[in-house]
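Student: One line per chain: the protein sequences are A and B, in this order.
Just so we're aligned, residue 159 is where the first sequence starts under our numbering, counting upward by one.
Just so we're aligned, residue 159 is where the second sequence starts under our numbering, counting upward by one.
For the record, the hints were derived by calculation from the structure and aren't laboratory data.
A hint or two may mislead.
No copy is singled out in the list; a pair is fine if it fits within one copy or between any two copies.
[What the hints assert, rightly or not] Below, in silico cross-link-like pairs of lysine-lysine (BS3-like), each with a Cα-Cα straight-line distance of 30 Å or less:
{"no.": "1", "residue 1": "K556", "residue 2": "K246"}
{"no.": "2", "residue 1": "K555", "residue 2": "K515"}
{"no.": "3", "residue 1": "K515", "residue 2": "K409"}
{"no.": "4", "residue 1": "K160", "residue 2": "K280"}
{"no.": "5", "residue 1": "K160", "residue 2": "K404"}
{"no.": "6", "residue 1": "K281", "residue 2": "K160"}
{"no.": "7", "residue 1": "K160", "residue 2": "K405"}
{"no.": "8", "residue 1": "K280", "residue 2": "K555"}
{"no.": "9", "residue 1": "K246", "residue 2": "K285"}
This is what each chain is made of:
Protein chains: 2
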Amino acid sequence: MKTRIVLSEDDLPRQWYNLAADLPTPLRPPLGPDGKPVSPSMLEPIFPHGLIEQEVSPKRWIDIPEEVRAVLARWRPSPLHRAHGLEKALGTPARIYYKNESLSPAGSHKPNTAVAQAYYNKKEGVKRLSTETGAGQWGSALAFACALFEIECKVFMVRISFDQKPYRKIMMETWGAECVASPSGETKAGRDILASDPGSPGNLAIAISEAVEAAVTDPQHRTKYALGSVLNHVLLHQTVIGLEAKKQLKKAGEKRLDVVIGCAGGGSNFAGLAFPFVYDKIHGAKMEIIPVEPASCPTMTMGPFVYDIGDASGMTPLLPMYSLGHTFMPEPIHAGGLRYHGMAPLVSAAINDGLLKPRAIGQLECFAGAVLFARSEGIIVAPETSHAVACAIQEAKKAKEEGKEKVILFNLSGHGLLDLKGYQDYLAGTLQDHALSREVLAKNLEAIKDYPKPEPVGAGK
Amino acid sequence: MKTRIVLSEDDLPRQWYNLAADLPTPLRPPLGPDGKPVSPSMLEPIFPHGLIEQEVSPKRWIDIPEEVRAVLARWRPSPLHRAHGLEKALGTPARIYYKNESLSPAGSHKPNTAVAQAYYNKKEGVKRLSTETGAGQWGSALAFACALFEIECKVFMVRISFDQKPYRKIMMETWGAECVASPSGETKAGRDILASDPGSPGNLAIAISEAVEAAVTDPQHRTKYALGSVLNHVLLHQTVIGLEAKKQLKKAGEKRLDVVIGCAGGGSNFAGLAFPFVYDKIHGAKMEIIPVEPASCPTMTMGPFVYDIGDASGMTPLLPMYSLGHTFMPEPIHAGGLRYHGMAPLVSAAINDGLLKPRAIGQLECFAGAVLFARSEGIIVAPETSHAVACAIQEAKKAKEEGKEKVILFNLSGHGLLDLKGYQDYLAGTLQDHALSREVLAKNLEAIKDYPKPEPVGAGK
Numbered sequence: 159m160k161t162r163i164v165l166s167e168d169d170l171p172r173q174w175y176n177l178a179a180d181l182p183t184p185l186r187p188p189l190g191p192d193g194k195p196v197s198p199s200m201l202e203p204i205f206p207h208g209l210i211e212q213e214v215s216p217k218r219w220i221d222i223p224e225e226v227r228a229v230l231a232r233w234r235p236s237p238l239h240r241a242h243g244l245e246k247a248l249g250t251p252a253r254i255y256y257k258n259e260s261l262s263p264a265g266s267h268k269p270n271t272a273v274a275q276a277y278y279n280k281k282e283g284v285k286r287l288s289t290e291t292g293a294g295q296w297g298s299a300l301a302f303a304c305a306l307f308e309i310e311c312k313v314f315m316v317r318i319s320f321d322q323k324p325y326r327k328i329m330m331e332t333w334g335a336e337c338v339a340s341p342s343g344e345t346k347a348g349r350d351i352l353a354s355d356p357g358s359p360g361n362l363a364i365a366i367s368e369a370v371e372a373a374v375t376d377p378q379h380r381t382k383y384a385l386g387s388v389l390n391h392v393l394l395h396q397t398v399i400g401l402e403a404k405k406q407l408k409k410a411g412e413k414r415l416d417v418v419i420g421c422a423g424g425g426s427n428f429a430g431l432a433f434p435f436v437y438d439k440i441h442g443a444k445m446e447i448i449p450v451e452p453a454s455c456p457t458m459t460m461g462p463f464v465y466d467i468g469d470a471s472g473m474t475p476l477l478p479m480y481s482l483g484h485t486f487m488p489e490p491i492h493a494g495g496l497r498y499h500g501m502a503p504l505v506s507a508a509i510n511d512g513l514l515k516p517r518a519i520g521q522l523e524c525f526a527g528a529v530l531f532a533r534s535e536g537i538i539v540a541p542e543t544s545h546a547v548a549c550a551i552q553e554a555k556k557a558k559e560e561g562k563e564k565v566i567l568f569n570l571s572g573h574g575l576l577d578l579k580g581y582q583d584y585l586a587g588t589l590q591d592h593a594l595s596r597e598v599l600a601k602n603l604e605a606i607k608d609y610p611k612p613e614p615v616g617a618g619k
Numbered sequence: 159m160k161t162r163i164v165l166s167e168d169d170l171p172r173q174w175y176n177l178a179a180d181l182p183t184p185l186r187p188p189l190g191p192d193g194k195p196v197s198p199s200m201l202e203p204i205f206p207h208g209l210i211e212q213e214v215s216p217k218r219w220i221d222i223p224e225e226v227r228a229v230l231a232r233w234r235p236s237p238l239h240r241a242h243g244l245e246k247a248l249g250t251p252a253r254i255y256y257k258n259e260s261l262s263p264a265g266s267h268k269p270n271t272a273v274a275q276a277y278y279n280k281k282e283g284v285k286r287l288s289t290e291t292g293a294g295q296w297g298s299a300l301a302f303a304c305a306l307f308e309i310e311c312k313v314f315m316v317r318i319s320f321d322q323k324p325y326r327k328i329m330m331e332t333w334g335a336e337c338v339a340s341p342s343g344e345t346k347a348g349r350d351i352l353a354s355d356p357g358s359p360g361n362l363a364i365a366i367s368e369a370v371e372a373a374v375t376d377p378q379h380r381t382k383y384a385l386g387s388v389l390n391h392v393l394l395h396q397t398v399i400g401l402e403a404k405k406q407l408k409k410a411g412e413k414r415l416d417v418v419i420g421c422a423g424g425g426s427n428f429a430g431l432a433f434p435f436v437y438d439k440i441h442g443a444k445m446e447i448i449p450v451e452p453a454s455c456p457t458m459t460m461g462p463f464v465y466d467i468g469d470a471s472g473m474t475p476l477l478p479m480y481s482l483g484h485t486f487m488p489e490p491i492h493a494g495g496l497r498y499h500g501m502a503p504l505v506s507a508a509i510n511d512g513l514l515k516p517r518a519i520g521q522l523e524c525f526a527g528a529v530l531f532a533r534s535e536g537i538i539v540a541p542e543t544s545h546a547v548a549c550a551i552q553e554a555k556k557a558k559e560e561g562k563e564k565v566i567l568f569n570l571s572g573h574g575l576l577d578l579k580g581y582q583d584y585l586a587g588t589l590q591d592h593a594l595s596r597e598v599l600a601k602n603l604e605a606i607k608d609y610p611k612p613e614p615v616g617a618g619k
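Given these sequences and hints, build the entire structure.
Tutor: Next comes the structure, spelled out in structure tokens:
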């Protein structure tokens, strides 16, 4: 009775899978403020050519450089676990599997793309990367990757997290990165905010503005910007997760797969696991593929498919995506990585094409699932990951009711050892659920009503 | 160029290795307060038969129950890493390997024995385990194991750590354990301390007294006690580490091994890696085997080989070991797991037989090594583990000076994600070194001068 299916270093994928090559409806382009498509060359001040090429590539398979594979091989292929303990606790006939991305040195899936991004920047002579981080998962992953490729790393961390989660900052500094609270006095964007609100707690949008500004205004032109989710090249780098999982399910003797689940904030860990299976679905396989979001930030289940900006102030192009409107301020739930108003264009397009069935779950049910998982499987997952766990439990219970031996796969995107406060609140009974009202949504959508509309609109939702 | 050598589930050892079968000088028995050897039956109120049998077993190989292997297989065999990044940073001709025990769900090697102990207790009908924990590594590992075997778990956590490290307590509670600050009002031992010192910060000795008392005084006779290091059966359970490492070095193509290194507080992670190699050394292999301790708690390098009690108040038998005296109060270094006055009898005997060469290193050098390791290898190690890292660096530099292609192996016993304060202090330049003075040592040894002496005393040191 295998509990863990491992692969050898030789099984680490040699190519990333690009879903853009297979989408039924071609991906709509990002648009500039003038409503015209953004050309690749307009991205050059921000990203290196290697990544811009991937961002717009129509190729199905893209080679993974050996230098990137060598670093990923420090923890990849990651194990696939059979959740015997959870199955027993639920008394389900379903067979539940999870891909364990918590074993990377930064504790999540984020290093999969951080390593690739650091590599391409290093290769093109970039000396320094700037980025933003909310709760700190992405900032620490990029700090880790920059240490290994000997690039400087500057992280603008949302002030409220900077103050509340000092450990993430220490991780980044241990890896040699510089981490400052945002809004900071180091950029015009930050100074403008501080001038009007000296005690601003910051948010991801402000931090993005600062990080982009720090890259484009570097007088020595040695800095580029890096993003941890949303963009096509970021999702591309994560597909090693699903490609490995396919081999592992085969090794486990599974002939079919019924349900694929991942939590989705910007969409990268979900896409990483799911896209190689979306390929199968496009080509006739029958399965449900579920991105799971918080009920308090229901981008995919309540938001419309629109063009919206990726930050709050328009430093980014307009992206074709499900969005709650860039002015939306999510409740301060513990799953900080899922508090984002939009959703990756590739994930959004797949939803719009009817390939994915998004689901929203409240944080109380998520933490209940995470505690059951910890006690039956032994792993304490990140608050973000608890959404995937809770959805897998829902599906396993459904299989029990239906008396079906379903095969369920979810992504264990990260561990929760630096986010234990959420568990403390849940166990103490002080945690609350939040839901988004139609009124608040309508108010936020008002701000984007004059933006260009994605055409043709798919028949999806 | 392999960076990670993995084994399949089938390679998980089927037997533990018991060094007691091979020591040149037979292990001296523990003694009661009357100076007479403690018989196995005297341990029955505290431990289940399965563990007592292992504690006194003369057998070289002891079968690992399949039920224990099935749980260990959730993260074992653990990977062996080649430290290419560290080697490059040091410019050393040495080949450095490390066994990565940080990937267990509790983040250290401790679950290797926690799982075995939970299994034997469960098998004999024990409903509840009580234990003590200092910084929390052991308490969380036992909580994890008890969750999987559905046994209750009660942890007495040293008050000062309980207050300073709330996250460890949350981990234990997430796994369903109960964790109270020690001294507590729940035991006579705790109440006595509180009566004389209501604000007592506690220490490991008091917590041991409380945990043992909670087991032996349980009116329903359903509670036993569990210990995370020092004892023979605990070290036995850790030998899966070294047995796996042997297979992995062979798989990596290494024909010999020159240096084996592990940090040592009670001795269990060191023993786990080293004892299978001590076997080789006893049988003629030439290598240096180095247990590393803090300069501020130099049990092996400054303490004499004596009989001393394992706690502070004599709840435990007298054990034959290197000791600084049970009244010794180590400085509050960040490596909380290495702050212990004694050393495991098996490790002590091997030192006394000249098989091991202990070394003491100050915490500044340890953290410098850990930061270099994080930036070159990507992994942030526990403060305890930093002692092994620093020693490996010393040996790699020596190999460089000598121009020798030495093969060095050390145990990465745990990650430091719940102990980042030490890194913060180091990076801020506020960390201090501490050394033990001969005067303080002499004063502490005064308290045990009338204890029985180990006879015959080996020629070791």
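Student: Look at each hint and say if it fits the structure.
Tutor: Evaluation of the provided hints:
no.: 1; hint: K556 to K246; verdict: within (15 Å within a copy, 53 Å between copies)
no.: 2; hint: K555 to K515; verdict: within (18 Å within a copy, 57 Å between copies)
no.: 3; hint: K515 to K409; verdict: within (27 Å within a copy, 45 Å between copies)
no.: 4; hint: K160 to K280; verdict: between (41 Å within a copy, 22 Å between copies)
no.: 5; hint: K160 to K404; verdict: both (16 Å within a copy, 23 Å between copies)
no.: 6; hint: K281 to K160; verdict: between (41 Å within a copy, 22 Å between copies)
no.: 7; hint: K160 to K405; verdict: both (15 Å within a copy, 21 Å between copies)
no.: 8; hint: K280 to K555; verdict: between (48 Å within a copy, 29 Å between copies)
no.: 9; hint: K246 to K285; verdict: between (51 Å within a copy, 20 Å between copies)
When held up to the earlier numbered hints, the structure conflicts with none and fits them all.
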